[in-house]
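Peer 1: Chains as they are written, first to last, in our numbering: chain A, 1 to 137; chain B, 1 to 137; chain C, 1 to 79; chain D, 1 to 79.
Possibly wrong hints are sitting among the right ones.
What the hints assert, rightly or not - Okay, derived cross-link-like pairs now, DSS-like style, lysine-lysine, Cα gap no bigger than 27 Å in a straight line: (1) C/K17 x A/K59; (2) B/K8 x B/K71; (3) C/K17 x A/K125; (4) B/K103 x A/K103; (5) B/K71 x A/K117; (6) B/K8 x B/K58; (7) A/K125 x C/K44; (8) A/K117 x C/K17; (9) A/K103 x B/K118; (10) D/K29 x B/K118; (11) A/K103 x B/K125.
Think of the hints as simulated: they come from the structure by calculation, not from any bench.
Small disclaimer: the values here were computed from a predicted structure and weren't measured.
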Amino acid sequence: MNQIVITKEPICIVRLMEELSQHDCCGALVWFAGIVRNENDGKPVNQIYYECYEPMAKKELEKIVQEARQKWPIHQINITHHVGALPVGSVSLIVIATAPHRKEAFDAVQYVVDELKKRVPIWKKETYESGQEEWLH
Amino acid sequence: MNQIVITKEPICIVRLMEELSQHDCCGALVWFAGIVRNENDGKPVNQIYYECYEPMAKKELEKIVQEARQKWPIHQINITHHVGALPVGSVSLIVIATAPHRKEAFDAVQYVVDELKKRVPIWKKETYESGQEEWLH
Amino acid sequence: MNTRILLFAGLRERLNKSEVQLDLPQGTKVCEILPILFGEEAAKLTRCTLFAINQNYVTPETELHDGDELTLIPPVAGG
Amino acid sequence: MNTRILLFAGLRERLNKSEVQLDLPQGTKVCEILPILFGEEAAKLTRCTLFAINQNYVTPETELHDGDELTLIPPVAGG
């Protein structure tokens, strides 16, 4: 089962965890959370603004999930990306995979995160303490 | 900060998540959950019993965490192992790491889980549907 | 040939528009759009801009067709 | 020389005891304990048993000292 969500609402990790159905056949659950850091390249960051081309982002995420499923026997994949203005310390991204064995779950989550950062049309603008703003890549 | 817990109480993932303090300097949180599978080597499993030499297990886990910290700049590590009789589908182990960047957090969590399975004095007896029991290794 | 062009992030801010409609000659290639929209800046932008037609990535040499929706994709940074 | 020996998992079940006290001669090595406790089965057990003194892993050739707590560690399977 795949779940791909792009949302302007803050990600509630606790609710996500409760929603995640557990499957007896899966020995491993791996979970990645991306968090907005308070600095980048030595510059203090106040806020990040994520812009997204949502229909294409969802399509591209679906492709990435299909690729991961071809590589590893994964049961469940859940991807949630928070877009809009995010303060420092908030969760921007959650990727979860369950699989019979841990190696596959770790590999799948890392693959999804790596490919997401390369290909999914989401852009990030940092606002620094100085007031300066910059689109990142 | 390290937290190492061996407990006979079921692991409440939601509570663990709430307890985990977030740090603005950490861009990545990686989380592994080990779940009791309903089969092993093709045999249907009913229950697992975990036995533990607790003082040595904690000591050995502390060593593993120190090794991980020497290898990667990790901020927080949280290890919780549930021991005693665990039904299929329940969470036996949680390992969490936070780090500035994701690669380090993934590597650290995998290292801790791999080493735990090799060195920490915890033993596992499976009870199969047939009523037969077996100590695993 | 009518083409709708979507702009995001830095490219959107440069033109102060999130969408442009262009009437283009048949056979126009994807890579010809940046000079039309950004003039002299196009050379610099070409190195780091990707293209999608109807939400799928395409190469810069792809020809546009009537009704295509072209998206200009500056360097992405999700996660 | 008084030595306390802790047993776990399959080894505990074999002897139906979780702890044994032995009075051993000075210089006894860790690897000599399995034959004392398990007789003919010791050869088979030696291949997969590890040893810890006072909660730290030691090699089979390590000599025991008075008051040591020796733990016999059958194959572990945490996680």
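Peer 1: Run through the hints listed earlier and report the numbers of any the structure violates, in increasing order.
Peer 2: 2
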